[in-house]
Amino acid sequence: MSSTNRTAAETQALVTKSLARRYRAERRFRFYGLTAVLAGLVFVVFLFGTIFAQGLSVFQQSYVKVEIFYDPAIIDPAGTRNPDDLVTADYQALVRESLKARFPEVEGRRDLRELYGIVSSAASIELQQRITSDPAAIGTRETRWVLADDTVDMLIKGRVARNAPEDERRLSDQQVGWIAALERDGTLALRFNRAFFSNGDSRDPEQAGVRGALIGSLLTLFITLLLSFPIGVGAAVYLEEFAPRNRLTDIIEVNINNLAAVPSIVFGLLGLAMFIGFFGLPRSAPLVGGFVLTLLTLPTIIIASRAALKAVPPSIREAALGMGASRLQMVAHHVLPLAVPGMLTGAIIGMARALGESAPLLMIGMVAFIVEVPQGVFDPATALPVQVFLWSDLPERGFIERTSGAIIVLLLFLLVMNATAVLLRNKFEKRW
Amino acid sequence: MNDAAKTTIGTITVAEPVFSCRNVDVYYGDKHAIKNVNIDIGRKQVLAMIGPSGCGKSTFLRCLNRMNDTIVGARVEGSITLDGQDIHDKRQDVVQLRARVGMVFQKPNPFPKSIYENVAYGPRIHGLAANRGELDEIVNQSLRRAGLWEEVKDRLNQPGTSLSGGQQQRLCIARTIAVNPEVILMDEPCSALDPIATARIEDLIDELRESYAICIVTHSMQQAARVSQRTAYFHLGDLVEVGDTNLIFTNPRAKLTEDYITGRFG
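One line per chain: the protein sequences are Z and G, in this order. Using my numbering, the first residue of the first sequence is number 1, and each one after it goes up by one. Using my numbering, the first residue of the second sequence is number 1001, and each one after it goes up by one.
None of these hints come from the bench; they were simulated from the model. Please read these numbers as outputs of a predicted model, since none were measured by experiment. Glycine residues also receive a C-beta, built at the ideal position from the N, C-alpha and C atoms. A portion of the hints provided could be inaccurate.
[What the hints assert, rightly or not] Within a straight-line C-alpha distance of at most 25 angstroms, the following computed DSS-like cross-link-like pairs (lysine-lysine) qualify:
| hint | chain 1 | residue 1 | chain 2 | residue 2 |
| --- | --- | --- | --- | --- |
| 1 | Z | Lys310 | G | Lys1113 |
| 2 | G | Lys1031 | G | Lys1006 |
| 3 | G | Lys1006 | Z | Lys310 |
| 4 | G | Lys1255 | Z | Lys427 |
| 5 | Z | Lys157 | Z | Lys65 |
| 6 | G | Lys1044 | G | Lys1255 |
| 7 | G | Lys1090 | G | Lys1153 |
| 8 | G | Lys1006 | G | Lys1044 |
| 9 | Z | Lys157 | Z | Lys310 |
[Said to hold, decoys possible] Have a look at the derived ranges for each label pair, beta carbon to beta carbon:
| hint | chain 1 | residue 1 | chain 2 | residue 2 | range |
| --- | --- | --- | --- | --- | --- |
| 10 | G | Arg1075 | Z | Met274 | 43 to 49 angstroms |
| 11 | G | Leu1247 | Z | Val254 | 43 to 49 angstroms |
| 12 | Z | Arg6 | G | Val1072 | 58 to 64 angstroms |
| 13 | Z | Thr420 | G | Val1072 | 35 to 41 angstroms |
| 14 | Z | Arg6 | G | Gln1222 | 43 to 49 angstroms |
| 15 | G | Leu1247 | Z | Lys427 | 47 to 53 angstroms |
[Unchecked claim] Facing chain G, according to a computed beta carbon distance under 7 angstroms, are these residues of chain Z, among others:
| hint | residue |
| --- | --- |
| 16 | Thr11 |
| 17 | Gln12 |
| 18 | Ala311 |
| 19 | Ser315 |
| 20 | Ala319 |
| 21 | Gly324 |
| 22 | Ala332 |
| 23 | Leu336 |
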């Protein structure tokens, strides 16, 4: 009534008034959004900052340069070159001799033991492997870089203060002095940490590596991808393109959506009961881990694949059917190629989740302490997130950086995996 | 039936019918979309179907190649025969039916593949070409007949979607005639095109009429008058009037038809 009787000028005035309010609301909304994004960014920077600050140092490790004389009198006193004798020989003594030669002034059992403590016990294993693979080296001299003990490593990396009171560190003042001497003449230095990438788990931080967990994760995810992608896509295609719409398919649909929300540890329990309990598959095996993670990722892949199929324009389906294509031809020739990018996205999300899962793997025993690097899907193994969990629990200082280091490796793995999937998706992506 | 169907005015039969539709009713769930339609579609001529939006002309068109099968809840009753054989018969394969009755849609919908692959798709799935040479020949001929060859002969490997709207629609026509159907159904093929592209399609329809029966749904009465020999007027699911295009446009017998074509209603 009154509104219809307004003059143009009055209407304009009202619009102008409301305009200011609308712009204010917009500015406010932008501010909220920006604040939220910035807050998120701060947390991400903080997270990555701490992880990298703690973990980057793991890629370097303290090594000691030692002169080793493969003394036949120590390795093979009988002179038979019997392989069994070579395996059990006292290689520790070779290292001991070398250190003694470097610090001839050290005497007394206690002092000598402290001196020997500078080098990791991994050194003797390394020498043993060297000799058993090449017995001809006996009697020769060689300069080698061997792993230093983790306490030495922590000191070199500055994680433990050198001037701290003696009873607050695990190295004695005497040892710190030797370390300084070795550093001065360049025989103790930080070098690229090969051991971290070539070893499995260990109780000694300097010997503990991610290889076992990395291979375990790779094998597990390989099984997961191999099963969940074809099964998930198949289920999605059937449900979306072929299944009749009735009560049964409705129930199936609701249940798939519910499964996506089931806590992952429940899938672990299911896997324990079914694969290990009922089918009798081996414990701690990547095969079982892959099965369990398949159960976990299937709902995600099915839901994403169905959404991708739904997003294919109906005109393409009509065109194909109108040409006389059968239903399967329509799906295989036209709908699937257009839906593949979306399906790959679903697979990325599912696999990323699977890679980061530890709870279900704990239930099936992939949490065991395993030194050996797994050779196949039946070997006992652990996975990267579980390794992070295990190391984070250990008291030694060296494991703090190893925990962060394993997280970095996990993130890199994730990055490589996602980049591959994104490349694949871009390759398949078609615009119409 | 929720309301009685009206009787159609005009001649529903033709001398040489391809399609013969008797007592056709279509329901979408509870909605009675097509009411007791009787009509023949003749060989080598164009039948135009006109009528206001929602009158059921597209629905009826989609009955002819059973595209309504894909719509959940759609139900077709009555008899539709193609060359004397019921298309709803159990022995009639729907894939084979659609190979015999091609369809061109309102919005150009080329496959997101190359121009060549678009045209070759039909012959390929139906096994019409024994070798690559024959396939090339079919593609070449179909594109020529659709009047597109000169424009695309140098870029057959480019995506069909890179063409202009009018070219895309002609590509869809080429794709349809590549399987050599008996009937071509066109559902408002020019509604997304500019007047120049429309004129080209209309010329093309005129040429194609010499080989195929064509059934076209259109909102443009001028177009119906230009391209068709017979016209059918639909209103709210009823086939109100059908007859020679000349007669319908000069001397409509039903009041509804007259109101529509003179623009008093629509």
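Kindly indicate which numbered hints from before are broken by the structure, ordering the numbers from low to high. 3, 4, 6, 7, 8, 9, 11, 12, 15, 16, 17, 18, 22, 23
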